[in-house]
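S.K.: Each chain, written out:
There are 2 protein chains.
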Amino acid sequence: MEEIKRTEIASLGEFGLIERLTGHIQLKNTSTLKGVGDDSAVLDYQGKQTLITTDLLLEGVHFDLTYVPLKHLGYKSAVVNFSDIYAMNGTPRQITVSLGVSKRFSVENLEELYAGIQLACDIYGVDLVGGDTSASMTGLTISITCIGEGEPGKVVYRNGAKENDLICVSGDLGAAYMGLQLLEREKRVFAGETEFKPAFEGHEYLLERQLKPEARKDIVAELDKAGIVPTAMMDISDGLSSELLHICSQSHVGCRIYEDRIPIDYQTAAMAEEFNMNLVTAALNGGEDYELLFTVPLEKHDIVAAIPGVRVIGHITKPELGCCMITRDDTEITLRAQGWNSLAEE
Amino acid sequence: MEEIKRTEIASLGEFGLIERLTGHIQLKNTSTLKGVGDDSAVLDYQGKQTLITTDLLLEGVHFDLTYVPLKHLGYKSAVVNFSDIYAMNGTPRQITVSLGVSKRFSVENLEELYAGIQLACDIYGVDLVGGDTSASMTGLTISITCIGEGEPGKVVYRNGAKENDLICVSGDLGAAYMGLQLLEREKRVFAGETEFKPAFEGHEYLLERQLKPEARKDIVAELDKAGIVPTAMMDISDGLSSELLHICSQSHVGCRIYEDRIPIDYQTAAMAEEFNMNLVTAALNGGEDYELLFTVPLEKHDIVAAIPGVRVIGHITKPELGCCMITRDDTEITLRAQGWNSLAEE
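Chains as they are written, first to last, in UniProt numbering: chain A, 1 to 346; chain B, 1 to 346.
Keep in mind that the hints were calculated from the coordinates and are not lab data. Don't take every hint at face value.
Each pair may be met inside one copy or between any two copies, as identical chains are not told apart.
Computed list of lysine-lysine pairs in BS3-like fashion (alpha-carbon distance at most 25 angstroms, straight line) [claimed, not checked]:
id	residue 1	residue 2
1	K28	K212
2	K225	K103
3	K154	K48
4	K48	K28
5	K71	K187
All chains should be modelled from the sequences, with the hints used to inform the complete structure.
M.R.: In structure tokens form, the structure reads like this:
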């Protein structure tokens, strides 16, 4: 192994560490009046609505540092929060980052994590404006809160889907889940070896979807350009089934989606076959896709279908009809939330 | 012990748990357009500035459940965030609460924690608008982000202190620290016993300051009523010395404070004597007072000195004079940040 400089966090202390990690930050948004360095950040949105979302990531539950590089972890931790703001048809503007770190981590480790967060902030035009850094007895804890802005009247909730609306998804589904399966398998294969260098050829897309997901800023921009405000929208973090059931229950409607319309990448299909897993189950219930699920009025069909990367997969029905998928052999099966749920019994 | 109902968190699942904990929440602020239940909360501040602060609390580092009741922990977790917003001369309006919980905790435990958070929200007029709840491998993690509003032009930063300004503190200092020492001593005395019932008579104030601190909403209101906008302000969470050094370094000034002006409660003094500890050290460096430290122009002396619970403890100087305390025997000692710092070497 190459020699890596290791600075103990204790040698800098809390304020020294914060300065080292955040001292060079340049603010990008005019709405950010004051970032890191006071009791709170100060923002000014002038006539916009403020959007707030937060995520807590715990080592051993949400990520495994055996195969997740810290820079990727930082990038993903930020992006999953941006995704929640886009899912409201908003624009992420600021984040706060709180870290709990055990002695196992060096200053250089945290700089890598921050480099990933900062890269995500640069790409998505977001300012890092505050946080809290403290010791932890056990591993790494990351808590990120994202603040965004929305245009009054254009913020999209989960509860606005109407009968006959079209159900749309962006990108493709199930790839992040298959990427996770692949990483877990390779971890078992290499268990006990200090050098973790598995062969991932041919599966790059799956790994990228798991390790470095993107938020669909582009889709939100395309919808805006096309003059479409979705009637309901969510990001797909727990799986298509689970999210669609949220939209339907909050909107008091039912839905029909079609198995043959669900977008799935070739690598996802190949991997599912290799693992002898049901492909549609992976696409319906595999989490962490961070694609957008949204509904639009029926008359927008031609416009929405023309947006690259958007697929119409079904439509909204009366609530009495329940939430179902029509399979390739024309059977109706009821959708269930079997999404990833860290609090459920195993 | 009385029989307590224990519902396993896994029996509810993530969404069931969120519904159980947050389903009854009534929103209080007109700025809260949408609370729990979507990808993000939606707020509307109409002409105000938005303030954001966040705190991460980890079991074994920031709290010890041996002697901290969950309801108190919830209350304190919320209040310390409100305190940061008041320290900007703002008003807390919303919080998000993220929890990481191990299997050791039941639904009833989390309801107690939430009851404390909700009580704090009710007393301070704050809406709980979102969060994230997930499993943890190890103990309890609480991450709270507070959003507040500030009047443009009246938000107070740390960097505005000017030469000759008066240095003021609210309440009294060192009591929360002495309360912690007392709790730690009683924990050692009762180590190994299952019933933890130490005798705390005569020390109630110290325990209350440690276990159930309040944010100085009243002082911010009094200052406003008196027409005073402080030139700089912070809340005292790491100790007076540490916070005063932050204000002086960010404002590029020095300071003189007077030992005999530092407000200390009788119980704090008695406890310090019992522990054979230096009382002034406890007042200067003991953390978690959550009092306000602020500076005002010299000409406001009579007005600020007339506010109940506010003490003028010194004044701001040219930067060349450094940051010092004048002791009772007229010696100048340099202030150092020896405040509580979970990341420092022991």
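S.K.: Now tell me, hint by hint, if it's right for this structure.
M.R.: Quick rundown of the hints versus the structure:
1. K28 to K212: Answer is within: at 23 angstroms inside a copy they meet the 25 angstroms cutoff, but 39 angstroms across does not.
2. K225 to K103: Answer is neither; intra-copy 49 angstroms and inter-copy 48 angstroms both fail.
3. K154 to K48: This pair counts as both: shortest intra-copy Cα distance 10 angstroms, inter-copy 21 angstroms.
4. K48 to K28: both (18 angstroms within a copy, 20 angstroms between copies)
5. K71 to K187: Within one copy only: 19 angstroms inside, 41 angstroms across.
Hint check: a violation occurs at hint 2 only; the rest are consistent with the structure.
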